[in-house]
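Asks: First to last, the protein sequences are chains B and G.
The opening residue of the first sequence carries number 1 in the working numbering; numbering runs sequentially from there.
The opening residue of the second sequence carries number 1001 in the working numbering; numbering runs sequentially from there.
Honestly, I wouldn't trust all of these hints.
[Stated by the list, open to error] Each computed DSS-like pair below joins lysine-lysine, with the alpha-carbon atoms no more than 30 Å apart:
#	chain 1	residue 1	chain 2	residue 2
1	G	LYS1057	B	LYS17
2	B	LYS17	B	LYS100
3	B	LYS17	B	LYS71
4	B	LYS37	B	LYS57
5	B	LYS71	B	LYS100
6	B	LYS37	G	LYS1057
7	G	LYS1011	G	LYS1078
8	G	LYS1078	B	LYS37
9	B	LYS112	B	LYS17
10	G	LYS1057	G	LYS1078
11	B	LYS37	G	LYS1011
12	G	LYS1057	G	LYS1014
13	B	LYS100	B	LYS57
14	G	LYS1057	B	LYS71
15	G	LYS1011	G	LYS1057
16	G	LYS1078	G	LYS1014
17	B	LYS112	B	LYS57
18	B	LYS37	B	LYS17
19	G	LYS1057	B	LYS100
20	B	LYS71	G	LYS1078
21	B	LYS37	B	LYS71
Keep in mind that the hints were calculated from the coordinates and are not lab data.
Letter by letter, the chains look like this.
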Amino acid sequence: KNQVEQSPQSLIILEGKNCTLQCNYTVSPFSNLRWYKQDTGRGPVSLTIMTFSENTKSNGRYTATLDADTKQSSLHITASQLSDSASYICVVRGHTGGFKTIFGAGTRLFVKA
Amino acid sequence: GAGVSQSPRYKVAKRGQDVALRCDPISGHVSLFWYQQALGQGPEFLTYFQNEAQLDKSGLPSDRFFAERPEGSVSTLKIQRTQQEDSAVYLCASSLGGEDTQYFGPGTRLTVL
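Excised from the complex, chain G in its bound form (with noise of 0.2 Å):
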């Protein structure tokens, strides 16, 4: 495509529910991240994929929050048992490599009431 997607755009979970986000990365792109962002805040680093090997996940929450690319492209992003405090933005991004220009998608916004 020509570029990032994220599915759903919006989503809205009861409390304590498991809910999957969707990344459609540009392809060819090796580099996928997640990013959260809370209302009025800069996106904060969730983890990093290099092609399927999930690099870097030291941005993960909790041990709620699962993410996977077993192919190397798409990616889903994963939290189980919601919690009020996970309402956000969540941003996914693809890049040519690690220190290339990241290319967001338009994020997926998560409600928990």
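Chain B with its partners taken away, still in its complex shape (with noise of 0.2 Å):
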């Protein structure tokens, strides 16, 4: 069972909209939740860090929130650009021992002249 939930699966939008994207997870004990853009045939990158007392961070023109109670994370990318073509990973980091994160499956946006 997955324990990091992404949506929508994949998205299109016009260039300069602004859109969201949704992360929900059920890892528990949590330690820190991140987001990674992932361009075509590269590794994934990361945007953004929060950890269970920060709500908001933001990168430029990425915005991700955190609400811990309900275990939900969103990213924000205003006016969008045709470089933020990409996939956008939720990557969730559990507090139990060992090194392994959880990935979710990605959000695949596409933006359009």
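Both chains are sitting in their own frames, so use the hints and assemble them into the complex.
Replies: Here it is in structure tokens:
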């Protein structure tokens, strides 16, 4: 059972528009949550990281939110650009022993001109 | 080097062959992770090294998979007697410490015929 669920699976938006991607997780106890951007044929690149006590974290046009009570996170992209076309992956790190991190399946974003 | 590099970028193997995938982490990074990413899915954790010590190998799917990092730098993921279900992109990531941001390589796409 996947402990990190992302929605939507894919999304098409026009250049310049905003969008919000969702991540629900069941990993507990929880250490941190990251959002990664993965371009086709490349490895993921970290966008934001949030710990239990943080609600919002911004990185340029990317803003991530976290509600640790409801175990939900979102990634908001403002004024989208063609280069934003990629997969966006939510990653949750548990607090149990070991170094395993749980990756969501990702949301595939297509930005059209 | 400037980033994590992996080789080969693409590997085609006949079922039953052994393969070896190489990862060169960022110089000075203590932690090294291997992930398996199936098409359209997020990466799944395979194993973790801290320097030369393999601290977590709970994600290795079978005893056909073996990873090593003998000198605490370059790592090799070996898959013996490859099966079609081993076809995936194998990603390597390194970080300063186990909790720090992971920097991913471009991956090796393995296709088993």
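Asks: All the hints need checking, so say for each whether the structure fits it.
Replies: Here is what the structure says about each hint:
no.: 1; hint: LYS1057/G to LYS17/B; in the structure: violated (43 Å)
no.: 2; hint: LYS17/B to LYS100/B; in the structure: violated (35 Å)
no.: 3; hint: LYS17/B to LYS71/B; in the structure: holds (27 Å)
no.: 4; hint: LYS37/B to LYS57/B; in the structure: holds (15 Å)
no.: 5; hint: LYS71/B to LYS100/B; in the structure: holds (18 Å)
no.: 6; hint: LYS37/B to LYS1057/G; in the structure: holds (26 Å)
no.: 7; hint: LYS1011/G to LYS1078/G; in the structure: holds (13 Å)
no.: 8; hint: LYS1078/G to LYS37/B; in the structure: holds (27 Å)
no.: 9; hint: LYS112/B to LYS17/B; in the structure: holds (10 Å)
no.: 10; hint: LYS1057/G to LYS1078/G; in the structure: holds (13 Å)
no.: 11; hint: LYS37/B to LYS1011/G; in the structure: holds (25 Å)
no.: 12; hint: LYS1057/G to LYS1014/G; in the structure: holds (26 Å)
no.: 13; hint: LYS100/B to LYS57/B; in the structure: holds (23 Å)
no.: 14; hint: LYS1057/G to LYS71/B; in the structure: holds (27 Å)
no.: 15; hint: LYS1011/G to LYS1057/G; in the structure: holds (23 Å)
no.: 16; hint: LYS1078/G to LYS1014/G; in the structure: holds (15 Å)
no.: 17; hint: LYS112/B to LYS57/B; in the structure: holds (26 Å)
no.: 18; hint: LYS37/B to LYS17/B; in the structure: holds (18 Å)
no.: 19; hint: LYS1057/G to LYS100/B; in the structure: holds (9 Å)
no.: 20; hint: LYS71/B to LYS1078/G; in the structure: violated (37 Å)
no.: 21; hint: LYS37/B to LYS71/B; in the structure: holds (21 Å)
Consistency with the previously given hints fails for numbers 1, 2, 20, ordered from lowest to highest.
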